[in-house]
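For the record, in the sequence shown the residue sitting at position 14 is 36 according to our numbering, with numbers rising by one throughout.
Everything labelled a hint here was simulated from the structure, so no lab data went into it. A virtual CB, placed ideally from N, CA and C, is assigned to each residue, including glycine. Treat the hints with caution; some may be incorrect.
As the list claims (entries may be wrong) - Derived EDC-like pairs (lysine to aspartate or glutamate); straight-line CA-CA distance at most 20 Å:
1) LYS43 to ASP58
2) LYS43 to ASP33
3) LYS96 to ASP107
4) LYS96 to GLU45
5) LYS43 to ASP62
6) LYS96 to ASP58
7) LYS55 to GLU45
8) LYS28 to GLU51
9) LYS126 to ASP91
10) LYS28 to GLU42
11) LYS96 to ASP33
12) LYS96 to GLU51
13) LYS43 to GLU136
14) LYS55 to ASP91
15) LYS96 to ASP62
16) LYS28 to GLU45
17) LYS126 to GLU45
18) LYS126 to GLU136
To be verified - What follows is a list of derived Cβ distance ranges for each label pair:
19) SER102 to ASP62: 48 to 56 Å
20) ARG67 to ARG36: 12 to 20 Å
21) ARG129 to VAL26: 30 to 38 Å
22) ASN90 to GLU42: 47 to 55 Å
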Amino acid sequence: ALRVGKTRFVDYLRRFGFTEKTEILLSGEQAGKLTDPGNDVNYSRMSYGYGVSVTPLQVACAYAAIANDGMRMKPRVVQSLLSNDGALVREYPPEGAQRVVSVKTARQMRAALETVMGPNATGRRGNVPGY
23 ALRVGKTRFV DYLRRFGFTE KTEILLSGEQ AGKLTDPGND VNYSRMSYGY GVSVTPLQVA
83 CAYAAIANDG MRMKPRVVQS LLSNDGALVR EYPPEGAQRV VSVKTARQMR AALETVMGPN
143 ATGRRGNVPG Y
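I would like the entire structure built from these sequences, with the hints used as guidance.
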């Protein structure tokens, strides 16, 4: 975080959606909270999550943006509604595409995340072939 700079670091937190609600169609959703990065001590701690409060859904959306080549989408619970006979009643298409990082950066981030799943890495038991 110190190498990136405060302005850019906070900009990325905002771009990944950590400071706002995801606008999912569920009640009770909360926005993430960040401590004031103006204080150098607070700012340095934010890089490892101290002073940053986000929801599990916000984290899932951030990882999905990395998996989606840097595009953050509005999450949805339902893709479509069908009648009893299988006819389409209503469709909920993907919404809110926003580029948060370049394709190149997203792919570099995916590669870095995959390294923890290697045979001698800490996440090796979570390595599921094909995923």
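These are the hints, each one checked on the structure:
1. Between LYS43 and ASP58 the alpha-carbon distance is near 19 Å, which keeps this suggested pair within the 20 Å criterion.
2. Proximity of LYS43 to ASP33 is assessed by CA-CA distance (about 16 Å); at most 20 Å being required, the pair is judged to hold.
3. Our distance criterion of 20 Å between C-alpha atoms is broken by LYS96 and ASP107, whose separation comes to about 29 Å.
4. Restraint check for LYS96 and GLU45: satisfied, since their Cα atoms lie roughly 7 Å apart, inside the 20 Å limit.
5. Only pairs whose Cα atoms come within 20 Å are accepted, and LYS43 paired with ASP62 is rejected, the gap being roughly 27 Å.
6. A hinted pair counts as satisfied when its Cα atoms are at most 20 Å apart, and LYS96 with ASP58 does not qualify at roughly 26 Å.
7. Taking the CA atoms of LYS55 and GLU45, the gap is near 16 Å; set against the 20 Å cutoff, the hint holds.
8. A C-alpha spacing of about 27 Å is found between LYS28 and GLU51, which places the hinted pair above 20 Å, so the restraint is violated.
9. The straight-line distance between the Cα atoms of LYS126 and ASP91 is roughly 8 Å, inside the 20 Å bound, and the hint therefore holds.
10. A hinted pair counts as satisfied when its Cα atoms are at most 20 Å apart, and LYS28 with GLU42 qualifies at roughly 19 Å.
11. Distance hint between LYS96 and ASP33 is fulfilled; the C-alpha atoms sit about 18 Å from each other, no more than 20 Å.
12. Restraint check for LYS96 and GLU51: the C-alpha separation of about 13 Å stays at or below 20 Å, so the hint holds.
13. Distance hint between LYS43 and GLU136 is unfulfilled; the C-alpha atoms sit about 28 Å from each other, more than 20 Å.
14. A hinted pair counts as satisfied when its Cα atoms are at most 20 Å apart, and LYS55 with ASP91 does not qualify at roughly 26 Å.
15. Using a Cα cut-off of 20 Å, the hinted pair LYS96 and ASP62 is violated, with the two alpha carbons roughly 32 Å apart.
16. Restraint check for LYS28 and GLU45: not satisfied, since their Cα atoms lie roughly 27 Å apart, outside the 20 Å limit.
17. The hinted pair formed by LYS126 and GLU45 fails the criterion: a straight-line CA distance of about 28 Å is larger than 20 Å.
18. Note on LYS126 and GLU136: the hinted pairing holds, with a Cα-Cα distance of about 15 Å set against a maximum of 20 Å.
19. In this structure, SER102 and ASP62 meet the distance hint of 48 to 56 Å, their C-beta atoms being roughly 49 Å apart.
20. Remark: the range hint 12 to 20 Å for ARG67 to ARG36 is upheld by a beta-carbon distance near 18 Å.
21. Judged by the Cβ atoms, the range 30 to 38 Å given for ARG129 and VAL26 is violated: they are separated by roughly 19 Å.
22. The hinted window of 47 to 55 Å between ASN90 and GLU42 is violated, with their beta carbons roughly 18 Å apart.
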